[in-house]
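Asks: We have chain A already, so just place chain B on it with the hints.
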Amino acid sequence: MTKFRRTLVAVVAIAALGVAFAACGSDSKSGDTESGGGKLTVANAWARSSPMLAKAGAAYVDIENESDTDDALVSASVADTIAMKTELHETISEGGAMKMQMVEKIVVPKGKTVTLKPGGYHIMLMELKEPLQEGATVDVTLEFEKAGTKTVKAEVRT
Amino acid sequence: MSTRGATRALGLLLIVASTLVACGDANEDKLGGTIRTPALQVGAVRVSDDSRGADGAPFAMKAQRGGVLLVYFGYTSCPDLCPTTLADIGHAIKQLPKKDRSRVSVALVTIDPERDTADVMNSYLDHFVAGGHALRPVDESQQAAAQRAFNVTAKRVEEGDTYSFEHSGTTYGVDEHGTVVVEWPFGLGSTVLHRDLVLLLARNLDKGAMT
Chain A
381 MTKFRRTLVA VVAIAALGVA FAACGSDSKS GDTESGGGKL TVANAWARSS PMLAKAGAAY
441 VDIENESDTD DALVSASVAD TIAMKTELHE TISEGGAMKM QMVEKIVVPK GKTVTLKPGG
501 YHIMLMELKE PLQEGATVDV TLEFEKAGTK TVKAEVRT
Chain B
2 MSTRGATRAL GLLLIVASTL VACGDANEDK LGGTIRTPAL QVGAVRVSDD SRGADGAPFA
62 MKAQRGGVLL VYFGYTSCPD LCPTTLADIG HAIKQLPKKD RSRVSVALVT IDPERDTADV
122 MNSYLDHFVA GGHALRPVDE SQQAAAQRAF NVTAKRVEEG DTYSFEHSGT TYGVDEHGTV
182 VVEWPFGLGS TVLHRDLVLL LARNLDKGAM T
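Chains as they are written, first to last, in this note's numbering: chain A, 381 to 538; chain B, 2 to 212.
Don't take every hint at face value.
With a straight-line Cα cutoff of 25 Å, these simulated BS3-like cross-link-like pairs (lysine-lysine) come out [said to hold, decoys possible]:
(1) A/497 with B/156
(2) B/95 with A/497
(3) A/533 with A/419
(4) A/492 with A/530
Calculated directly from the structure, the hints in this document are not laboratory data.
Computed from a predicted model, the values in this text were never measured in an experiment.
If we strip away everything but chain A, and leave its shape as in the complex, we get (with noise of 0.2 Å):
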């Protein structure tokens, strides 16, 4: 083989080699996260779709603290059309059993994301009024002892 070809396979090889590995970190994220200077953004806003006599339902966001100073979600809320009452729920789990609790904040360090998700934080829509509807969207506007309050549509789900 020509000093050429040999160089050339092996070049190949390591190409391959890195598609190969490449392959494998399937779940990192591409980053939407640009700097927007000191903000505070809440985004993926979306609600889990309620069957028809269910009462209770819930709502999940993410929150990116970009500013310089700890901040804090302290009350969500949705219009009385949706549901009578919205409150700040954590789940955790104790000893195998889960349990939900009320919080009275999120705290969301400065520099942090936090996710509200299933099995975690979630904002709870208590005595909904009618089902949430895969597709529809619902206001759900939150307040934070900083930023203030913000309005997001959270798109519902199953």
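Replies: Relative to chain A, chain B alone:
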């Protein structure tokens, strides 16, 4: 390319291929859920089935022949864990090939028979898992027996004028003999559940072919 070159290239290809295999599904035939030893035996448990048409007939905790029965203890006023689990179960089953979907049955056992009437439970199941069994214990002893057999805890927690439950978030996979072959703790998600269902159904087919 010379023979030597070809051999070398083949060798390199093998390395690349093995790298791909190594990072992929090394545990392809291993269940993602938890396996308890000894396994729970729940075949003797009977709970009143309040699904439409079942009219309260006792439901036995066993899968159909060669199938899998998924059992979850929950309540419909639960906003987070229960809908998430039932949605995961629904997604996992929907992703199965059509012919396999009917081999998986689902039973929701309410830990809150007071608020979970048959209508409420059926509407709940319709939403997440069509054709699921709405199991509603007729009395406390039936409820206690079912929870004991599955090692389920459910504690009522008063919250002003309402209440919720502190409860196990596990989904149980039961075979045709009433053996709990796998348990999925909350949070594994629909992908793991789906993969495990595929594995369990394939194993059951293998077993069926041998006997």
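Asks: A separate judgement is required for each hint: does it hold in the structure or not?
Replies: Verification of the hints:
Between residue 497 of chain A and residue 156 of chain B, the direct Cα distance comes to roughly 23 Å. Compliance with the 25 Å bound is thereby established for this hinted pair. As the CA atoms of residue 95 of chain B and residue 497 of chain A are separated by approximately 23 Å, the hinted pair is consistent with the 25 Å bound. Straight-line distance between C-alpha atoms of residue 533 of chain A and residue 419 of chain A comes to about 19 Å, which keeps the hinted pair within the 25 Å bound. Restraint check for residue 492 of chain A and residue 530 of chain A: satisfied, since their Cα atoms lie roughly 18 Å apart, inside the 25 Å limit.
Taken one by one, the earlier hints all hold for this structure without exception.
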